[in-house]
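Asks: Below, each chain spelled out in residue letters.
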Amino acid sequence: MAGLPSSTSAKEKPSAGVFDGIAIRLLAPSWLMIGFFLLVPVAMMLVYSFLTKEFRGGVIWEPSLAAYDQFIFDRGLFGDEPPVIEWTYITIFARSIWQAALATVLCLIIGFPTAYFIATRPANTRGVWLFLITIPYWVNLLIRTVSMKFLIRDTGPLNQFLISTGLIDSPIHIVNTNFAVQLGLFYSYLPFMVLPIYAAVERYNFALSEAAFDLYASRWTTLRKILIPVVKPGIIAGCILVFIPSLGAFLAPDLLGGAKTFMIGSLIEEQFKGSAGNWPFGAAASMILLSMVLVVLLFYARQQTRSINGAR
Amino acid sequence: MKRSFKQKSFHLGAVVLAAALATGAAGAAEKLSIYHWFEYMPQELLNKFTDETGIEVTMDTFDSNEAMLASLKAGSLGTYDVAVPSDYMVKILLDSGMLQSFESTELKNFDNIDGPWKDPSFDPGRKHSVPYQWGTTSFAVNRDAFKGDINTTDMLFDPPAELQGKINVLDSQGELILMAQLHLGIDQCSTNREDVKKLDALLQASKKNWVSFNSDGAKDVLVSGDAAVGQIFNGYSTKAREEGANIEYAFPKEGYVAWMDNVVLLKDAPNRAAAIAFMDFMLEPENAAAVSNYAQYKAGVTGAEAFFEDTIKNSPELNAPDGAPDGTFVQACDQQAQALYDAVWTRLKK
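Note that the protein sequences, when read in sequence, are chains Z and E. If you count the first sequence from 1, position 28 lands on 28 in my numbering, and the numbers rise without skipping. If you count the second sequence from 1, position 104 lands on 104 in my numbering, and the numbers rise without skipping.
Simulated from the structure, these hints should not be mistaken for lab results. Check before you lean on any hint, since a few could be wrong.
As the list claims (entries may be wrong) - Here are the computed lysine-lysine pairs in the DSS-like style, where the Cα-Cα straight-line distance is at most 30 Å:
id : chain 1 : residue 1 : chain 2 : residue 2
1  : E       : K197      : E       : K127
2  : Z       : K149      : E       : K239
3  : E       : K91       : E       : K208
4  : E       : K207      : Z       : K149
5  : E       : K253      : Z       : K149
6  : Z       : K149      : E       : K349
7  : E       : K147      : Z       : K149
8  : Z       : K149      : E       : K350
Could you build all of it, start to finish, from the sequences and the hints given here?
Replies: Printed below as a string of structure tokens:
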């Protein structure tokens, strides 16, 4: 049953041997790092989001709900109309979530077969395939995104090739469209989907598939009822690793999408680095984003616990 | 054996550390920390400064006035000696008490400041800043795409059919909104409701004709042909033209943006003397001209013209044609007006 990630009993206490008795201290460095570089900044952000905005950046130490009010209520351009629901920021968040979700689905559609293919190669060639997957990612994300812009622009090689083959007469406009943003997100995060699924499929015990076939299951049924449920933790991990960074991405929207519309990332950036200089609002938007990410992670954690306890 | 080696290396380490601390203390007076725009300072000029004064220079860069302000407010005030903000940002820094003053007698080259720049509205009497470079922000039009008259803000806000959907604007609230206000003929920082509504409507209606909001790539979109019209700084337009774009820089009859970048003395500068030496250095005509030759802008320093390369003397971007209006400086609005323009900007990009 080595193929099933859920096969180790949760009750058995594993022993690390060399670290017997001091195991708890092994976590100390991580706790220090996380405490100082993650929890402290997040706590600061939480506090800032409830403070009063100082003109042109900075905060005044007076508690205020203005940042969250601005997010939720619209009082018109001049601030004197009766409050109605503010759709601006909800629209920006919804757009970012939609794009991140679409990027995740695209990565899954391409990434799953790729990961399966690699995991089913002979053990000695898998390393080569994985190596090939990672090669483009040795280059900085910014440079890869700019290069992609060069490839897909109106006068770029892609359009020139299509025109030379006679498939199209005039260049297809790809740069500065939502399609380009999708392409950028998909391309940036594909390996984050492939690698966890590969790890899961590699541990999959193919005797399970054979058993299914012996019992007259079709290929489709075997995929749906045996393979996917077993490698599901890998799929979920991949989806999370693609979805979360896509949600806050602003390189692809800015460079490939033309920065015509705010994404969550660029909206937050504008509050700190732009003319608005509204730190509490930037902090509030970050907290709302953080809460959403936390909900996704809690969902994942619950899925994990359920699959470990075998309750499906 | 192992133990003695460890001890030895410990002692060695202590000596090295002590030495480092000692040189650090001795060298403290001989350092200068600059906070500057990207691609705006030739390395040779910094080397020259170090050769002449013995002061070591470190430089960090920013990509917008607002990013610089945010960084200073977030705690880097007190780590830099000088920064190079634009006109309106000098005023903002001054008003929020982030600059310190100097006497004109501290700078032996103070009188080199060009007449009109001696008493600017953003720093009356030049008590906190000296000129670095000045220029204009308008837009450039690809002459293969459009042959008609380009000296009108219609190019951005009411473009002819052949230019629609081929316009890049700067991803910068101040410069884009000021161009729109000049187009409409309304005052900057106006809180008049009709004015703000008209501005909002104009931006909303124009957006469909704009292909992108890009500041860092303002030059590249014109060179690559991604955009046929691009809002751009004059020196950047020169560079785009030199890189092969068949473009012409416009001086619209409705007006355009003028700006001046300035070296300011920051509050709590760790090396005030070095900062003064640097400001003096930048007021030498030859040094100011070196920046001009590098960045393709003009210097506000008397006598710098003598060191300008011909590209600057004859540049169509730097020399406004007869009859063109003067450029308009971006104003720092008050809190109430700024909140309105922030809302207009967010609505534009939602």
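Asks: Which hints from the list above does the structure break, by number from lowest to highest?
Replies: 1, 3, 5
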